[in-house]
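Student: Residue numbers (full-length UniProt numbering), protein chains in the order written: chain A, 1 to 355; chain B, 1 to 310; chain C, 1 to 375.
Since the hints were made in silico from the structure, they are not lab data.
Among these hints, one or two may not hold up.
Unchecked claim - Listed next, the in silico DSSO-like pairs over lysine-lysine satisfying Cα-Cα at most 27 Å (straight line):
id	chain 1	residue 1	chain 2	residue 2
1	C	K281	A	K35
2	C	K62	C	K245
3	A	K35	C	K29
4	C	K366	A	K169
5	A	K169	C	K84
6	A	K35	C	K140
7	C	K281	C	K295
8	C	K29	C	K281
9	C	K327	A	K169
10	C	K295	C	K218
11	C	K366	C	K245
12	C	K327	A	K35
13	C	K281	C	K165
14	A	K169	C	K349
15	A	K35	A	K344
16	A	K169	C	K295
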Amino acid sequence: MNVLDYLKGKAWLTAVLLLLGLVLLPFMVEASLGKSWLRILDFALLYIMLALGLNIVVGYAGLLDLGYVAFYAVGAYCWALLASPHFGLNLPFWVILPTGAAIAGLFGVLLGTPTLRLRGDYLAIVTLGFGEIIRIFLNNLNAPVNITNGPQGITQIEPVTIAGLSLGKTQEIFGITFSSPHLYYYLFLLFVALVVFVCMRLENSRIGRAWVAIREDEMAAAAAGINTRNIKLLAFAMGATFGGLSGGLFASFQGFVSPESFNLMESIMILSMIVLGGMGNIYGVILGALLVTMIPEALRYTGDLQRAVFGEVFIDPADLRMLLFGIALVLMMLLRPAGLLPSKLRRQELAEDAT
Amino acid sequence: MDIFAQQLVNGLVLGSVYALVALGYTLVYGILELINFAHGETTMMGSMIALAVIGALFGVAPDLPGIMIVLAGLLVAIPACMLLGYSIERVAYRPLRHAPRLAPLITAIGLSIVLQNVAMLIWGKQYIAFPTTLLPQGRHNVFGASITDVQIAILVLTVVIMFGLVTLVNRTRLGRAMRATAQAPAVAQLMGVNVNAVISSTFIIGSALAAIAGVMVSANYGQAHYYMGFLLGLKAFSAAVLGGIGNLAGAMLGGLLLGVLEALGAGYIGDLTGGFLGSHYQDIFAFLVLILVLTLKPSGLLGSRSVERA
Amino acid sequence: MKSTLLALSVALALSLSMTAHAEDAVTVKIGQSSPLTGPQAHIGKDNDNGVRLAIDEINATKPTIDGKVVTFEVMSEDDQADPKTATIVAQRMIDEGIVGVVGHLNSGATIPASKVYSDNNIPQISPSATAIKYTAQGYKTAFRVMTNDEQQGKVLGAYAAKLGKKVAIIDDQTAYGQGLAAEVEKAAKAAGAEVVAVEHTNDKATDFSAILTSIKGKTPDVIFFGGMDPQAAPIAKQMRQLGMKAQLLGGDGMQTPKFIELAGADADGAIASIPGLPIEKMPKGADFKKKFEEKYGQIQLYAPYAYDAAYVMVDAMKRANSTDPTKYLPELGKTSLEGVTGKISFDAKGDLTSGPITLYTVKGGKWETLETVQP
Chain A
1 MNVLDYLKGK
11 AWLTAVLLLL
21 GLVLLPFMVE
31 ASLGKSWLRI
41 LDFALLYIML
51 ALGLNIVVGY
61 AGLLDLGYVA
71 FYAVGAYCWA
81 LLASPHFGLN
91 LPFWVILPTG
101 AAIAGLFGVL
111 LGTPTLRLRG
121 DYLAIVTLGF
131 GEIIRIFLNN
141 LNAPVNITNG
151 PQGITQIEPV
161 TIAGLSLGKT
171 QEIFGITFSS
181 PHLYYYLFLL
191 FVALVVFVCM
201 RLENSRIGRA
211 WVAIREDEMA
221 AAAAGINTRN
231 IKLLAFAMGA
241 TFGGLSGGLF
251 ASFQGFVSPE
261 SFNLMESIMI
271 LSMIVLGGMG
281 NIYGVILGAL
291 LVTMIPEALR
301 YTGDLQRAVF
311 GEVFIDPADL
321 RMLLFGIALV
331 LMMLLRPAGL
341 LPSKLRRQEL
351 AEDAT
Chain B
1 MDIFAQQLVN
11 GLVLGSVYAL
21 VALGYTLVYG
31 ILELINFAHG
41 ETTMMGSMIA
51 LAVIGALFGV
61 APDLPGIMIV
71 LAGLLVAIPA
81 CMLLGYSIER
91 VAYRPLRHAP
101 RLAPLITAIG
111 LSIVLQNVAM
121 LIWGKQYIAF
131 PTTLLPQGRH
141 NVFGASITDV
151 QIAILVLTVV
161 IMFGLVTLVN
171 RTRLGRAMRA
181 TAQAPAVAQL
191 MGVNVNAVIS
201 STFIIGSALA
211 AIAGVMVSAN
221 YGQAHYYMGF
231 LLGLKAFSAA
241 VLGGIGNLAG
251 AMLGGLLLGV
261 LEALGAGYIG
271 DLTGGFLGSH
281 YQDIFAFLVL
291 ILVLTLKPSG
301 LLGSRSVERA
Chain C
1 MKSTLLALSV
11 ALALSLSMTA
21 HAEDAVTVKI
31 GQSSPLTGPQ
41 AHIGKDNDNG
51 VRLAIDEINA
61 TKPTIDGKVV
71 TFEVMSEDDQ
81 ADPKTATIVA
91 QRMIDEGIVG
101 VVGHLNSGAT
111 IPASKVYSDN
121 NIPQISPSAT
131 AIKYTAQGYK
141 TAFRVMTNDE
151 QQGKVLGAYA
161 AKLGKKVAII
171 DDQTAYGQGL
181 AAEVEKAAKA
191 AGAEVVAVEH
201 TNDKATDFSA
211 ILTSIKGKTP
221 DVIFFGGMDP
231 QAAPIAKQMR
241 QLGMKAQLLG
251 GDGMQTPKFI
261 ELAGADADGA
271 IASIPGLPIE
281 KMPKGADFKK
291 KFEEKYGQIQ
301 LYAPYAYDAA
311 YVMVDAMKRA
321 NSTDPTKYLP
331 ELGKTSLEGV
341 TGKISFDAKG
351 DLTSGPITLY
361 TVKGGKWETL
371 ETVQP
């Protein structure tokens, strides 16, 4: 506690320590838990970006979106098509990434326009349908003209290359060996920082306040002179752009995309990240994303735990893993209904609701 | 014409199952404005429990008439699912009744995962066969379309249940209490309605329907699996929204309509587009109609305009 | 009496463990990954069982490699048939020091994981991935003991054309089903058949009446289904319900006892292929089947291939006299082994050098050998 108190008055010191911690984290993780956790960490960073993007739509603007994964898919396929042997293209990443994000943003507007009048659960089902439609198209656009290669997916996608340095291979820099997941960690971290920065700025901007106004009472917001149509579309577009961004990064990191990575369950998982962490609160969303990505992986070790406690493995850890994850979701929600780190505004609402 | 009649029959049978499951969603939604995402899993549980009983009984007394064995399975599955529905509400939803709207959605997703994995641990990872020889295997021709005994039973049972449910909601004391709770829970409580009991009964009724639907599905398709609830629940939920969620007739209409749409979509997209698009676009077709309906009529086909909560 | 026996056995066990210690003994981990939860868990577990049976048998022979008695240990991980999870478990198994992996089940998981194995130089043998692309990426570590879509599709397409002039094709829009169906379509056309309908469904569907009705209107002689048994069985049932007389034909995903169990009497007459020779005809086949069924119950699908894959891997280690991946990898390419699924040898890409494919038909609730086709 003393350390925290000491740091409270020194923002720059906190920032430096945090940065140092984040830079050194992959070394510690690799040394203690192994490279697989580095990979999990990478995915967690991707999901933080996705969750923050969805948070704009659901958390800020209050529009329940169950098809968010569609934008992730659009971004991923953009990268896959523009940098793989499939079309024989290999554009540099600073061309593809903005293109993918922009196209995803366009899809966001495309989804947003017909759904402007819809609310609550009706919106949820339409967005869900939209997500499925995108996935089905990706799965089927291998005939009559082969665009997406259908269920076979696209292989051998080019990794990110910065100044001739490929992040897809192990590299030696200043005598330190960096594995591919390690290099991607830094890239992803950079983008997460960017997304967090944008979100923070948005939160306290006119637009951010307009979103909250729409969430709380759309009619009142319109009466107050907010162009609800444009503001809602902007929320969809912003959210989708972040989705497209992480999709592109995902494709380059994994080197392979196929439609099965973008199913409804993925959308639901991203939604549970933000609800679990605390909707509308950036720190909450980050925490939620970390927990939902890491808990199922950590639960792979229940076999070792059973052996340590009982001396033998009673239930196959693979069978137990998702069961425990489900129980954890239920328990966390029952104990913290507003999320683990609820946003201030939400906390006030909750207090009012209870009276 | 034969083909069209057949596609209609196909769609109606599929739609009946959707409708029965959709009723469960809509009942709960009508009262609590809550999407019970675990409802599909209740259907799965009904199917699995019934099959376990049927399998055991068939093993012990194979000479019993097939219908009796299936009925016994159903009679165990229904109360078991009722109990499950009741517990789901008590454990996962009641504590969150005043929580932010999306909180119960996440517990529901969590519960779905739990139920799936519990079923997997109990009944294994295999698909379980429904001994179809237990039921009559007859096939009839109606207007050039082929329909089986089991399918006729499904259609009839769905209609009977629908009428029973409408009567229950409109004519009985419990039904009145349900409607009152749906309109204004606080006022209903003041008027002496035991709101908690009403909500519990809603879950119990919905779960009983789910159990019946579960047995129907496995009887018609000859198999059950612990993962079968997810897609079925999703389709049924879409059907409920299409019809106007919260509205019983809407759920029925939405279910049947979705079933027919899927059948016609799968059957005719290929021919209509000259083979350019094929039956793999059947789900897109169904979703597009859904989106179109909701864009033109944002609260579903039979939904009331007043349901406008974010 | 009892106590003496106990004492004796304890002494025996002690002396055994002492001798094991006296020699140089090492434990070597072999990875296995497949979906152990989710809709395909039953097939995933089957692969796991296949590998475990092979490794148990190998361990019982106390294999000596490089002068040390090697005990193999199976490390099994759930990839949930999800591409992303597959790369994570691949890395996790590599972290735990596996020297090779049997997996994964699905092409969609096998392909992204193959990059991780290749980057870390860990040999990978998939017992069931059929996508052509898996071995076409140029990874030296990628092998499979299963025919690819093209190899099996050629045989099935030609066979379909032999069964009738008009062929309808259904696939389940997965990498496996679509890949195989596309090759069957090509081959059937090449053999002079007319493809009257190509319909699609998905791998979670149970209702096929709509597409079957549409197909019925085109009166095909043969319906080929590219997909797995949980879909194939309702297709067989619904064909009967709709009064269809066409011949149902399928690939390895349908050639399972579960298909017959699920479809009941409606399975009768269906034809399906599976790569390799009939298991009963193989020297070790009957023995494998008996042992597997005693231990784990019915074989689901790919267990024999997973079993063979494990043997192929250990065989290469023995020939290289090393469990070091870099040392035994070159030997893996030179494999020539009589497995329970047939003779196993690889071409330059890591694909099975075209072996025979056997066709089976359901008669009286059992799969019976129809004929073996040499490509």
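Student: If a hint holds in the structure, say so; if it doesn't, say that too.
Tutor: Results of checking the hints against the structure:
{"no.": "1", "hint": "C/K281 / A/K35", "in the structure": "violated, 45 Å"}
{"no.": "2", "hint": "C/K62 / C/K245", "in the structure": "violated, 55 Å"}
{"no.": "3", "hint": "A/K35 / C/K29", "in the structure": "holds, 17 Å"}
{"no.": "4", "hint": "C/K366 / A/K169", "in the structure": "violated, 51 Å"}
{"no.": "5", "hint": "A/K169 / C/K84", "in the structure": "holds, 18 Å"}
{"no.": "6", "hint": "A/K35 / C/K140", "in the structure": "holds, 22 Å"}
{"no.": "7", "hint": "C/K281 / C/K295", "in the structure": "holds, 22 Å"}
{"no.": "8", "hint": "C/K29 / C/K281", "in the structure": "violated, 32 Å"}
{"no.": "9", "hint": "C/K327 / A/K169", "in the structure": "holds, 22 Å"}
{"no.": "10", "hint": "C/K295 / C/K218", "in the structure": "violated, 47 Å"}
{"no.": "11", "hint": "C/K366 / C/K245", "in the structure": "holds, 20 Å"}
{"no.": "12", "hint": "C/K327 / A/K35", "in the structure": "holds, 23 Å"}
{"no.": "13", "hint": "C/K281 / C/K165", "in the structure": "violated, 32 Å"}
{"no.": "14", "hint": "A/K169 / C/K349", "in the structure": "holds, 22 Å"}
{"no.": "15", "hint": "A/K35 / A/K344", "in the structure": "violated, 37 Å"}
{"no.": "16", "hint": "A/K169 / C/K295", "in the structure": "violated, 43 Å"}
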